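Could you build the full structure based on these sequences and the hints that come with them?
Residue numbers (our numbering), protein chains in the order written: chain A, 1 to 250; chain B, 251 to 557; chain C, 558 to 899.
These aren't lab readings, by the way, just hints derived from the structure by calculation.
Given the structure is predicted, the values throughout are model-derived calculations rather than measurements.
Glycine is no exception: its CB is placed at the ideal position from the N, C-alpha and C atoms.
Take these hints with a grain of salt, some might be off.
Claimed, not checked - Cβ-to-Cβ under 7 Å is the rule here; a few derived chain B residues that face chain C:
| hint | residue |
| --- | --- |
| 1 | H343 |
| 2 | L344 |
| 3 | L355 |
| 4 | I476 |
| 5 | V480 |
| 6 | Y537 |
| 7 | A541 |
Stated by the list, open to error - Result set (DSBU-like, lysine-lysine): computed pairs, CA atoms no more than 30 Å apart in a straight line:
| hint | chain 1 | residue 1 | chain 2 | residue 2 |
| --- | --- | --- | --- | --- |
| 8 | A | K235 | A | K168 |
| 9 | A | K235 | A | K67 |
| 10 | A | K121 | A | K168 |
| 11 | A | K192 | A | K168 |
| 12 | A | K168 | C | K789 |
| 13 | A | K67 | C | K789 |
| 14 | A | K168 | A | K67 |
| 15 | A | K168 | A | K61 |
| 16 | C | K789 | A | K121 |
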Amino acid sequence: MTESILQVVNLCKSFGGVHATDQVSLSVRHGEIHALIGPNGAGKTTLISQLSGLLRPDSGKILFDNKDITGYAAYQFSQAGLARSFQITSVFQDLSLLDNVALAVQANDGHAFRFWHNARKDQRLRTPAMQYLQQVQLSDQAEQIASEVSHGERRQLEIAMALATSPKLLLLDEPMAGMGQDESSLIIEILKNLRGDKSILLVEHDMDAVFALADTISVLVYGQIIATGTSAEIKTNTAVQKAYLGEDAA
Amino acid sequence: MEFSLLLIQLLNGLQLGILLFLLSAGLTLTFGIMDFVNLAHGALYMLGAFFCASLTLYTGSFILAILLALPLTALAGYLLEKLVVQHLYDRNHLDHVLATFGLILCIDTIVHIIWGPQGIAIPLPAWLSGQVELFDGVVLPSYRLLIIGVGLLAAAGLYVLVNHTRLGMLIRAGASNRKMVGALGVDITALFSGVFALGAALAGLAGMLIAPITEASIGMGSDIIITTFVVIIIGGIGSMKGAFLAALLVGLIDTFGRSFLDDFFKLLMSTEAAETAAPAVSAMLIYILMAIILAFRPQGLFPPLSR
Amino acid sequence: MTTTTSARPDHRQNRNTETTRLLLVSALLVLILAILPTVLYLTGHTFWLDIFTRLVILAIAAVGLNLILGLGGMVSFGHAAYIGLGAYAVGIPAYHSTYGGMDAIATYNGFFHLALALTVSALFALVTGIISLRTRGVNFIMITMAFAQMMYYAIVSLETYGGDDGLTIDVRSEFPIISLDDPLTLYAVSFISLIIIVFLVHRISNSRFGLTLQGARSNEERMLAIGVNCYKYQLAAFVMSGVICGYAGFLLGNFTTFISPEMMDWTRSGEIMIMVILGGATFLWGPVIGAIVFIILEYVLSEVTVYWHLPFGLLLIFSVLFLRNGLASVLQRSHSQAGKGQ
Chain A
1 MTESILQVVN LCKSFGGVHA TDQVSLSVRH GEIHALIGPN GAGKTTLISQ
51 LSGLLRPDSG KILFDNKDIT GYAAYQFSQA GLARSFQITS VFQDLSLLDN
101 VALAVQANDG HAFRFWHNAR KDQRLRTPAM QYLQQVQLSD QAEQIASEVS
151 HGERRQLEIA MALATSPKLL LLDEPMAGMG QDESSLIIEI LKNLRGDKSI
201 LLVEHDMDAV FALADTISVL VYGQIIATGT SAEIKTNTAV QKAYLGEDAA
Chain B
251 MEFSLLLIQL LNGLQLGILL FLLSAGLTLT FGIMDFVNLA HGALYMLGAF
301 FCASLTLYTG SFILAILLAL PLTALAGYLL EKLVVQHLYD RNHLDHVLAT
351 FGLILCIDTI VHIIWGPQGI AIPLPAWLSG QVELFDGVVL PSYRLLIIGV
401 GLLAAAGLYV LVNHTRLGML IRAGASNRKM VGALGVDITA LFSGVFALGA
451 ALAGLAGMLI APITEASIGM GSDIIITTFV VIIIGGIGSM KGAFLAALLV
501 GLIDTFGRSF LDDFFKLLMS TEAAETAAPA VSAMLIYILM AIILAFRPQG
551 LFPPLSR
Chain C
558 MTTTTSARPD HRQNRNTETT RLLLVSALLV LILAILPTVL YLTGHTFWLD
608 IFTRLVILAI AAVGLNLILG LGGMVSFGHA AYIGLGAYAV GIPAYHSTYG
658 GMDAIATYNG FFHLALALTV SALFALVTGI ISLRTRGVNF IMITMAFAQM
708 MYYAIVSLET YGGDDGLTID VRSEFPIISL DDPLTLYAVS FISLIIIVFL
758 VHRISNSRFG LTLQGARSNE ERMLAIGVNC YKYQLAAFVM SGVICGYAGF
808 LLGNFTTFIS PEMMDWTRSG EIMIMVILGG ATFLWGPVIG AIVFIILEYV
858 LSEVTVYWHL PFGLLLIFSV LFLRNGLASV LQRSHSQAGK GQ
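If you want it as structure tokens, here you go:
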């Protein structure tokens, strides 16, 4: 299975008898946008927390780039090349957008035991940071402080920061949460531009966005993957319709 | 090592532990529920002692003085909460530290102005200043037994309050999940003021109980507050059970360290070396204990669930 | 966090005026601290040189504390311990040179005192930092406090060095060429040290290391998500901060020539913290300004009344309640707000 970048094998996690993640297996191929959908309470958050090292699975394996990374600490997931964005915006509120991204670039550039050279003038950090900001269309606001830009722009910043760690896989947790129509379509455009360049595991509620972007969709219900396929297959899958879309349509 | 000496030190340790518990009970609640760092808690301990000293001299009765000084200290705590502390709950810990540090300076100086720079001794009634012969040859000061008794009584009262009343339920809920208590439609402001005043009264009680032994003095609060912190850290912030057990542990270890460590060291090294090392090590003992416990359990022994 | 999309000031411009203002404040402070005490001393007001020497030494400690407090968001309440350690690193070797015993460390050699002060501070910071930094928030504040108090009691119990009563340093640290016995020389050494340390902290705060610390202060979860384990950087900063305060202690011991455990009492740690916050933790010169205001205020108020702690305490409470970003916020409208908790 060399063609998959991330492979999740029989992952289990339960909280006091409740199986939040129940024998989940899932594989994300190189270069694809793989969407993970599911109704509220399906266990998406628990799954993501395990895929970013914030929670330790009870059993099962996480293979990333043919390496077993189960049980790594959160920062080691990122170092291995698996970058995440947060559902609830998590950026450095009191730093400028450029500093935010530069920190992520720096994180990927080995240790930070350099005490003298001015990092704010270091072109090895600033130039790539600016490029990532450009990629998410924020280069004009580079010098602004993160707490002063709009919610949508902070969501874009999240993606830039994830990109800046040069990940092999982006794990995006509802990147469009709390966004208006225009802001959402901007994110969709940004993600489309990344297609083929980066593998993406996208957790999202916005079905329009999912169908517009995803190469493959996995449906998570009650902690289990009940279907995996292309958008056309998922749309016509009866089990999915019953468990998920049916609910939504009702 | 004689048996009676061991017993006396055991009682001394218990007494220290009980006092530390009275101090930490209120403090751990304000930490747990309000997430508030109160450096001035020791000042309330001192206020209790001075109230009690004056009232004893005025009324002539130590017991009556305690009964009067308790509500007085609670009132002082209530006023502090209303005037200053209440406005700081939504600030960061740094602001708490600075403002309550300012409070210490103010309260210390006010006490200095009212009572003067000297400490005030509290005379004990005759029936308390004597000794009790427990059994053959083992004689114990009755006042120390009283401290332990009163402290255990207060601990039992707190246990009932926290575990078997509605107020206690709110306190426990607040310690683990503040937002939920707010969502329950409880008058948070009143709950916080009440808890703060209760904590003040308990700290004051500790001050009143110790004052006949050490006398009421201005520095007394600042000295004991750090030990109280150690107790809370070891017990786990917000945990009443943790505070109780950690207080006894710290009280016993500190007392035993001070009385027996030099004998123990003399078994290992020269008498001269032991006499130099023992006081230093025994002074550091509870901090070393804290460090060891934290190395294994950074949240303390009994951290409240889901913080 | 309100968001305004309408008015967007030009931030590049803003940053430039900030740099200019920083340079101006730096030049002004350096000039005042260089000229004023010297002139006062030479015109016979020797007492003021003492005030300024103490002020500058405590400013060094405040700048050291601010490295972790302002930059790294670590509220350490035990930094007086390092001052004490630094001072006793002068006092103890000097004591043994005078009265004999402990030949291994008995010396008046200033370089030895200095090396001892820095090493001991670094070690104490390393050991306590390893444990303290595993905790956050209130726990961290109290644990740093407790470890400092542990040192306090340890020194109190050392009867040889005076215990509670303290220790008089009969001979100051000896260096070639200069003599710390000359008040003006001691002031010059302290002053130049302060300038160098402020400059070092300035460089550090803009370095990769400094940026990492700021990231950890701002959002530690985010740091983990971008692959940074903050612990080792925080520990390094904690040690550096302790070493700077140890150096301040070395100077303070040589200045007062009388040292006692009282120097490391937790209320002393509180005073250093007050200096940092009064001056503004987010501003490079904040701790220095805070130290100036604190020492001058202490002096002026204590001239007026023996009960000067009362107005001082009230001032402190009011400044927390009504002046949210410290005194330096008047000089610099800072973007950064110290967030809730750490």
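Here is how each hint holds up against the structure:
With 7 Å as the threshold, the beta carbon of H343 (chain B) comes within range of chain C, its nearest partner Cβ sitting at about 6 Å, so the hint holds. A hinted interface residue such as L344 (chain B) counts as satisfied when its beta carbon comes closer than 7 Å to some beta carbon of chain C; here the least separation is about 5 Å, so the hint holds. The interface hint given for L355 (chain B) holds, since its Cβ lies 3 Å from the closest Cβ of chain C, which is under the 7 Å cut-off. A cut of 7 Å between beta carbons decides the hint on I476 (chain B): the least distance to chain C is about 4 Å, and the hint holds.
Contact between V480 (chain B) and chain C, as hinted, is supported at the beta carbon level, the nearest pair being about 5 Å apart and thus within 7 Å. Because the closest C-beta pair between Y537 (chain B) and chain C is about 4 Å apart, less than 7 Å, the hint holds. The restraint placing A541 (chain B) at the interface with chain C holds, with a minimum CB-CB distance near 5 Å, inside the 7 Å limit. For the suggested pair K235 (chain A) and K168 (chain A), the alpha carbons sit about 29 Å apart, so the restraint of at most 30 Å is met.
Pair hint K235 (chain A) plus K67 (chain A) does not hold up; C-alpha atoms about 33 Å apart against a cutoff of 30 Å. Restraint check for K121 (chain A) and K168 (chain A): the C-alpha separation of about 28 Å stays at or below 30 Å, so the hint holds. The suggested pairing of K192 (chain A) with K168 (chain A) holds, with an alpha-carbon distance near 16 Å, which does not exceed 30 Å. Between the alpha carbons of K168 (chain A) and K789 (chain C) the distance comes to roughly 26 Å, so the proposed pair stays at or under 30 Å and holds.
At roughly 26 Å between alpha-carbon atoms, K67 (chain A) and K789 (chain C) fall within 30 Å of each other, so this suggested pair holds. Our distance criterion of 30 Å between C-alpha atoms is met by K168 (chain A) and K67 (chain A), whose separation comes to about 13 Å. With a C-alpha separation of about 18 Å, the suggested pair K168 (chain A) and K61 (chain A) falls inside the 30 Å cut-off, and the hint holds. A distance of roughly 24 Å separates the Cα atoms of K789 (chain C) and K121 (chain A); the hinted pair therefore holds under the 30 Å criterion.
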